[in-house]
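> Sequence:
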Amino acid sequence: MRVLLTGHAGYVGSVATTVLAEAGHEVTGLDTGFFADCHTEGMEPASPARVIARDIRDIGPADLAGFDAVVHLAALSNDPIGDLDPALTGAINRDASIALARAAKTAGVTRFVFASSCSIYGAGDPERMLDETAPVNPLTPYAASKVETEQALLAMADDRFAPVFMRNATCYGLSPRLRLDLVLNNLVASALATGEVRLLSSGLAWRPLLHCRDMARVAAAMLAAPADLIRGEAFNIGRSEENHLVRTIAAIVAEAVPGSTVTFGAGDVIDPRSYRVDFSKFQAAFPDFRFLHSARTGAKELAAALAGRVRSDDLTGPRYIRLATLKQHMASGVLDAGLRWTAARTVAAPAAAAERVPVAGPSVSQREVDLVADAVRTAWFADHAKYNTRFERLVADRTGRRHAISLAHCTSAIHLALAGLGIGPGDEVIVPECTWVATASPVVQTGATPVFCDIDPVTWCLSPASFRAAITDRTRAAIVVDLYGGMADWTRLKAIADDHGIALIEDAAEAIGSRYDGKPAGSFGLASVFSFHGSKTVTTGEGGMLLTDDDALAERVNILRDQGRHPTSRALITEEVGFKYRMSSLQAAMGCAQMERLDELIAMKRAIFGWYREALEGVPHLTLNAEPSRVFNSYWMVTALVDPALGLIKQQLAAELGADGIDTRPFFYPLSWQPAFRSQPSATGAETRNPVAYSLSPYGINLPSGYNVTEAIAHRVAASLRAAIARKAARAA
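Using our numbering, you'd call the opening residue of the sequence shown number 31 and step up by one each time.
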């Protein structure tokens, strides 16, 4: 269809532009541009192929000639804006919408999708699920404008014109033109920027929720539906299970932003706008439609996208608050009191982002380029494994291991170590709480049970005392992580493991080049693993390595990594079901060059840490990575831990540094907290059992540690970190 999308440069319109185009429609956008400059940091809005930069109050039949359908989103888009000038709300949301529909019908447009709102139900009966037959009770000019527009459009419906009314639940979710004046979005931003999920009321009002992309997808479904199905019909748009008390929404947000706390408005304030909505009519009419998002997934999506990119002034400022945007335009004189542009309007392109400091990045020299190029030319046929063999030998020699086996990634190395040991259902494998999920995921994939243990408060690695306490007669192995380049207390861990006949697997993914008692990381345990991900000290872009001195385990892993085929077999016969975990020769060639430069790379990492240590010396409430007397730390990632007593959580710290153009990553969340592992038996009571992990994780942050970090960049990051800590300390005083 040839579709006119009004409000294409708004919050939902920026998403709908893409959704409708993906559905095969020829989309023209219509927007006056009130909010066209409100770009979400890190995202660039898509524009329709054709744009009409006009106010909907000025559109007539000639403008609509040739269109098959109108999707009408443009409006003064929430209650605070509607209250700014109720007469203007009526003129734009009601009168202009009715005139637009009449012009569309006159021009021969056959379908008109109108974005209405569930807010028309106002103060609904909380004991009743409100369907489309429920009495409307608009409490605001915005809601009243929707009711009156629906009534007028319904009177236009006939065989030639099919208006349909999407009574949308309250929207949320990520958009190229984000709004923070919507409840879930606002609460996520509040949690990230301040550490508090701030409610202005008691949170006892009901709100149904709808992701902005699902709303756009419903609009596309309305365009595809038979006209008789939708003509003159109102549909509540959403899902019954997405009716939430506002305080429940706050709890969902607090879960998505760990460490944040929910605060309530003073007194016993209850928002009178409260409604629970029945969505069964839409479900019955569109049985094949599936909503893709929920409040929980949407909150996590926003938390991931906005971490380090939203600050406290965004909660009230014009970047993401639509009323503040309009007031800024009016105060600057570019909009008059009637919300008309006072001069020709040019929509600005997304502002060029200030040069950001990334959190990680590789060091690639001409040597890597040359070896990879040689692999492209020569590592085939009889020489297909020449770089793999060379890379494996370099790593084996560096660690003193007998066997090194190159693999697709470190996760596959852990998986093969467990599978090679025959670990499976009924077995338990001990893992530390604070590590990347790839340490524990292979345990579950083998059918075994992960047992989450506490970390040491100094090294942040597996606590020997917690390890000992977790051992049962089902414990077969423990995966010991050398976190962020640090090293665990291998002497005590090995003694405990030997006493109980437990196999140790060293997860040295982050620690190549580190040493414990002079022995290199990767040389401990029955098996050890490395990661060569793009962020790691040594990188092949992606890739991993398993190392062992055990001949039988090495042979078993070599069979399992190549579809269950023995490495000496030339026949296409597999002895058992295995895996496809081999590393390519191109990756191995790059790995060879990186290993040749390992001492240089470690020196660079330690220099970066030294610059941070110097710049942050004497800063109160702050701890950096430890290097105990028996440890040589390669400092893969520089980690800053803020004193929990200060109350400066990692999400808030990320927001503070993000506002200065500095990317960070959070200290690992406890595995037992992760949704993927909460159903595991040892997740129950883990917060009490593992107090160090749960007390430190909310307050740790990884600083930029890539090879691009210079002394000047380290000092810039340190200055931002010092300032954030000082501001928090001043507020707490």
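No lab work stands behind these hints, which were simulated from the structure alone. You may find that some hints are simply not true.
Label-pair distances were calculated between CB atoms; the ranges are [said to hold, decoys possible]: (1) A314 x D98: 25 to 31 Å; (2) D161 x A495: 57 to 63 Å; (3) D115 x V467: 49 to 55 Å.
Straight line, CA to CA, 16 Å or less: simulated EDC-like cross-link-like pairs of lysine to aspartate or glutamate [as the list claims (entries may be wrong)]: (4) K549 x D693; (5) K311 x E385; (6) K610 x E572; (7) K524 x D547.
For glycine and all other residues, C-beta sits at the position ideal for the given N, C-alpha and C.
> Run every hint past the structure and note whether it holds.
Cross-check of the supplied hints:
Take A314 and D98: their Cβ atoms lie about 26 Å apart, and the range 25 to 31 Å holds. D161 and A495 have their C-beta atoms about 59 Å apart, which keeps the hinted 57 to 63 Å range intact. Look at D115 against V467: about 51 Å separates their beta carbons, and that is inside 49 to 55 Å. Proposed proximity of K549 and D693 is contradicted: the alpha carbons are some 34 Å apart, above 16 Å.
This hinted pair does not check out: K311 and E385 have alpha carbons roughly 50 Å apart, beyond 16 Å. For a cut-off of 16 Å, the pair hint linking K610 to E572 stands: about 15 Å separates their Cα positions. This hinted pair checks out: K524 and D547 have alpha carbons roughly 14 Å apart, not beyond 16 Å.
Violated hints, listed in ascending order, are 4 and 5; each of the other numbered hints is respected by the structure.
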